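J.: Protein chains in written order, with the numbering used here: chain V, 28 to 407; chain Y, 28 to 407; chain D, 28 to 407; chain F, 28 to 407.
Since the hints were derived computationally from the structure, they do not count as laboratory data. Predicted model, so just to flag it, every value in this text is computed and none were measured. Hints are supplied without guarantee of correctness; some may be wrong.
A pair counts as met if it fits within one copy or between any two copies, since identical chains are not told apart.
EDC-like cross-link-like pairs, simulated, lysine to aspartate or glutamate; straight-line CA separation at most 20 Å [to be verified]:
(1) K152 - D63
(2) K401 - E110
(3) K112 - E258
(4) K43 - D237
(5) K401 - E315
(6) K292 - E221
4 protein chains.
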Amino acid sequence: MGESKLPPLAADAVLKQSVAVPDSFVKVSGVDYSADSAYNARATDLIDSMRNMGFQASSVATACDIINEMDSWRGEHRDSLEEHKRTGEFDSQGFQKATVFMGFTSNLISSGLRDTLRYLVQHKKVSAIVASAGGIEEDLIKVLAPTYMGDFALPGKGLRDQGLNRIGNLLVPNDNYCKFEEWIVPILDRVLEEQQKALEELGAEALNADSPAVWTPSRLIDRLGQEINDESSVLYWAHKNKIPIFCPALTDGSIGDMLFFHTFKASPQRLRLDIVADIRRINSMSMEASRAGMLILGGGLIKHHICNACLMRNGADWAVYINTGQEFDGSDAGARPDEAVSWGKIKAEARSIKVYADVTVVWPLIVAATFAAKRPEQAA
Amino acid sequence: MGESKLPPLAADAVLKQSVAVPDSFVKVSGVDYSADSAYNARATDLIDSMRNMGFQASSVATACDIINEMDSWRGEHRDSLEEHKRTGEFDSQGFQKATVFMGFTSNLISSGLRDTLRYLVQHKKVSAIVASAGGIEEDLIKVLAPTYMGDFALPGKGLRDQGLNRIGNLLVPNDNYCKFEEWIVPILDRVLEEQQKALEELGAEALNADSPAVWTPSRLIDRLGQEINDESSVLYWAHKNKIPIFCPALTDGSIGDMLFFHTFKASPQRLRLDIVADIRRINSMSMEASRAGMLILGGGLIKHHICNACLMRNGADWAVYINTGQEFDGSDAGARPDEAVSWGKIKAEARSIKVYADVTVVWPLIVAATFAAKRPEQAA
Amino acid sequence: MGESKLPPLAADAVLKQSVAVPDSFVKVSGVDYSADSAYNARATDLIDSMRNMGFQASSVATACDIINEMDSWRGEHRDSLEEHKRTGEFDSQGFQKATVFMGFTSNLISSGLRDTLRYLVQHKKVSAIVASAGGIEEDLIKVLAPTYMGDFALPGKGLRDQGLNRIGNLLVPNDNYCKFEEWIVPILDRVLEEQQKALEELGAEALNADSPAVWTPSRLIDRLGQEINDESSVLYWAHKNKIPIFCPALTDGSIGDMLFFHTFKASPQRLRLDIVADIRRINSMSMEASRAGMLILGGGLIKHHICNACLMRNGADWAVYINTGQEFDGSDAGARPDEAVSWGKIKAEARSIKVYADVTVVWPLIVAATFAAKRPEQAA
Amino acid sequence: MGESKLPPLAADAVLKQSVAVPDSFVKVSGVDYSADSAYNARATDLIDSMRNMGFQASSVATACDIINEMDSWRGEHRDSLEEHKRTGEFDSQGFQKATVFMGFTSNLISSGLRDTLRYLVQHKKVSAIVASAGGIEEDLIKVLAPTYMGDFALPGKGLRDQGLNRIGNLLVPNDNYCKFEEWIVPILDRVLEEQQKALEELGAEALNADSPAVWTPSRLIDRLGQEINDESSVLYWAHKNKIPIFCPALTDGSIGDMLFFHTFKASPQRLRLDIVADIRRINSMSMEASRAGMLILGGGLIKHHICNACLMRNGADWAVYINTGQEFDGSDAGARPDEAVSWGKIKAEARSIKVYADVTVVWPLIVAATFAAKRPEQAA
């Protein structure tokens, strides 16, 4: 250990020279605290300072850049298009705009993010939604009764004894579901009635394309949005703004419990929910879009469903994923956007980013720096 | 810094005395390398040495203990039960056994775990399955053409150019889906024909309970299992052993693509898939079970759907979760079993465990140490 | 499946009544988009809207509340204290304030967060720092040459060929380390000279308490901060503001490479770095503090070291952890604050929170809403 | 929605043809349950069935392949080498073998994995170890008193009241640390005595290279291994087999507490621990190795320290990482082997793998299928 000559092996490895740094390289930087804007910073200033900060700070800023590009993209004017190309979304002045698919998981509606998601639907920032079943029912239930703050560590047995259901660090009193049952049963009765009436009228054509005898998850959700008739609700605004909400597994939650109960009440008649018409509907939106973007908040079904729809157009043009899934287990939830490129679900030349974060931590900031950087009346 | 007297504050805090350790405390221990069984160890020996190892090793061993208890549980003899209580599962000698709900995500069927999942279905180790759409189609497609090993880091653009779809470190040639389309289209034609025939026969009762005019995901999956007719297939054995496979969002994958295409081919007629009947069916299985167990491999829909079904019986009696989800984001995927206790989805007194691991790492070992500790003929 | 009576088991389980919700329960809420402050929101408004949002949004807001409480806590006036109790930190008016230990991992200095960490040190928001070795050298190197934005997916072989070292999505040209070597070697020469001179002078007392012959990591770091003499540097301000930086494993990085090289250059003499004096120093700060707080940014050594120091006072009074570690693997990095309570490292009655997030995503926002809610001159 | 012609856009995207699959492609496969070896499978059979299973199952099998290759690699015979090249490790017959650096975090010694780590040291399967401080003291403490099984959810306050320290789902009574103090203090007294004696003898040369006045972490650890003198101990076998254990931050744990206390007891004399000599020592082992392999169990310091040492030889030849860290936060813990390639810490042509798993879940299986596939006497 007492040698006095440094072996060249180590020196060469440690002090290896690098190539000249290309001019295109961007230096890492952070918040400039000499500027007034660093103090109690505004969302856009925060995002600007995060852009070249590295790690997920940069990914958050990239997500904002993609969203702004997607939101402001405009194509041809409607009048300059051949008639069969007048599909997809147009802005109020008649120019093509992106069709934006937003997916979110149930827990985000349970959280206070519901207000932010509702804001986006109210102001037509998205074109279609894919949600899991809880994302539908919790939006409705919150009109009937609130959800409360809890703690991740509250023991389950004590909560069950008190009828308090835990969702992470939130609590939903079970009475909320009782209220939901009271509210929804009469609606299901009427929906069944409409189904049966149409069935009788249409006979052998009752299951044909566009038959009114066939209820689908998106059709039922639209009806529920109409019935709830409350401005705090995502479903209300989706109904009002004709933004379809897709939920292929609508039975997987409290609505499923109610539909299950209803099978006994209605017997031998039965309300049916067809999922084939909805896959036709969402895929058609994708094909008709002049450009398509994806905002994926969470993982699982809601992520895959939007990606799969975008395969129908040979790939989305913009994609923002935000979730905590990891790719190492081969899950779709954890798959990076580049995996979707291999499937044709995102175009190779599309701008895409995955932000590795709990959605509640970043989405309020991202929305404040993009869709809600200005008040809607000012932005218009 | 040169003081010479240790302040008692630090000494008291560091050298605080502990209570006498109760006799019930179990010492941490590991592999005993003095025993021959430690070398190239068998599954059951590995599990025994992991039981008091701590961290997830202990969780894996607990999962094995729960599975063995659930698998060997026996209740009353059929003949000693009142007629209306003769529901749920019985063993070959007529004793009540647990109804086991197994859920798995699509990627596990894409992986080599398919053989293990098929083994469990073939040997009736489970009573019902909940899968995501890919878990259905990939099982069928693997009969038609293989999936290959790839790498997590293969760039998406090059893969898309070659028509190779990536799933984590696996690759599925896109031709596999073309073969799948050729195989399934004639089946969908026949299924539609059966629907229409029944519709015409039943008229206004066509949508009633148990109407043959109504196809559901589980009914279609059963038909596909019958048609594929191949012993390597999970669906084949599920059909043969009358083990229902539930997949409420069956349209969310390649089958959905095919159903979508079929809406054009069949127009104006249309095949319909009702999800209400399936929620009735799975919930009924839960209510009828004398005891119920959950094996949850992965997260998302498949986890929630089984938990929700078990609410109908006021909670499962055994629960094993294996996935990589974390609770901090309030996701259902990451929720611990104790969250399900608060909802009444797992009984407070049930044995449950969550193993935090990629399923492929632990499930082969767990199965080898439990369900497949002995050859079926020996075990019987 | 066609039964018409809902079994009471299911109805009772699903519609179980809950206890009356106590008045103390807090409703989940989110951003109020009717308020002007929701648009391009300021940091404090964002945090206010996240407080009862649930999941990690709430944890971020709690972290801000804890930081504000810790930062503004004031105890007795110096003059009203017995002499031996005049330890720890005092504000400019002579009142006791909290001793704040901040730990961060190397990568945060590589990222643009360095500016934020420097801001906190410059304005004496923290009392002591624990860093990993890279957190020392990268701060110095950034004065000599910049770090650049890269991409997580850049292949390692090509980068090595070009002499570009990757840190997540950042790139550090290897020339930066060559520049660092040129800068640090003369300093190490002088430090060794001082060691040897003191050794000769002190003889048998050369290793005694407070001997100038003994260099420690914190003493060398302080010297490096003095030498770098650049206002962009964390070490510069730490030196200037007499805020010690502890780094028990200072050899574990490029400085270690340089110290290693120096053993050959200096042979048979050798610079020594003693870690015992530093544990005495950090533990003493903990014992002397009137109140102690922990800001832990990342995991591993820097987390454990601060927690361990706080054991010497029977627990910290405030604790904020921010990292992505999970507890399931029994790692210290992933351990929740409540695990530290069991060890006496955090007081049972302390306010503490763990935020599960990449630090770069949340720390700029948290600092903007707390320490930097006002300009320092305004805040004073 | 009622159109009858499928747009070619969707058909082309979904049914895109793939290139012919090259012969080199390997099919995904799993357990072959027609073979007897599938039942209560042995470790090597399990690993064989996991090799082409995909996801982390494949990574585990790759880890085994790398370990077997590394363990069996043999180079030149000692006698055929020039004298200055007779460095590194040789097998009992005089052939060069790989120098294996194994790193593990403290919690693994707390867990039952200690027996497995001890087995590897006892049978000279590794050449050097890097551990965190807890990995040193917990090994010693376990000779004095056991660690117990606990639960991740035990509340910290109650545990502290009882003096039970929690590590994940393990419990360590605080009395164990009191026993440790009694055991170690006399040893520290003697070590200080030796330091002072050498200091007096050597005078101005007391800090020179190889001076016996200078204690280092690795030297103290070796002495502790000698003193504990118990075959269950990792340190005992490391001492006996002359396998150095490096722990640059040895003060960061209970040993640090004891060294801290000792500064008061010994004042004004003080034991010193130099970390410069240890970086010289580990780097020298790396440079002298004919081939070098890394076994990294966990993250943080122990990972970086081994990687950094391997930079001195321009990269390791084999690398197995096992931990739960993720790369998205730019942490070294989560960095993939390919990031180390960019730094020259792993050779571009080396075989490397990262297994994403809690070490306790996979390491017993991996060891049983590799190092312990045969009893040592049989293997020799």
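J.: A separate judgement is required for each hint: does it hold in the structure or not?
T.: Here is how each hint holds up against the structure:
{"no.": "1", "hint": "K152 - D63", "verdict": "between (31 Å within a copy, 19 Å between copies)"}
{"no.": "2", "hint": "K401 - E110", "verdict": "neither (35 Å within a copy, 57 Å between copies)"}
{"no.": "3", "hint": "K112 - E258", "verdict": "neither (34 Å within a copy, 48 Å between copies)"}
{"no.": "4", "hint": "K43 - D237", "verdict": "neither (69 Å within a copy, 30 Å between copies)"}
{"no.": "5", "hint": "K401 - E315", "verdict": "neither (30 Å within a copy, 50 Å between copies)"}
{"no.": "6", "hint": "K292 - E221", "verdict": "within (16 Å within a copy, 28 Å between copies)"}
The structure does not agree with the numbered hints 2, 3, 4, 5 stated previously, though it agrees with the rest.
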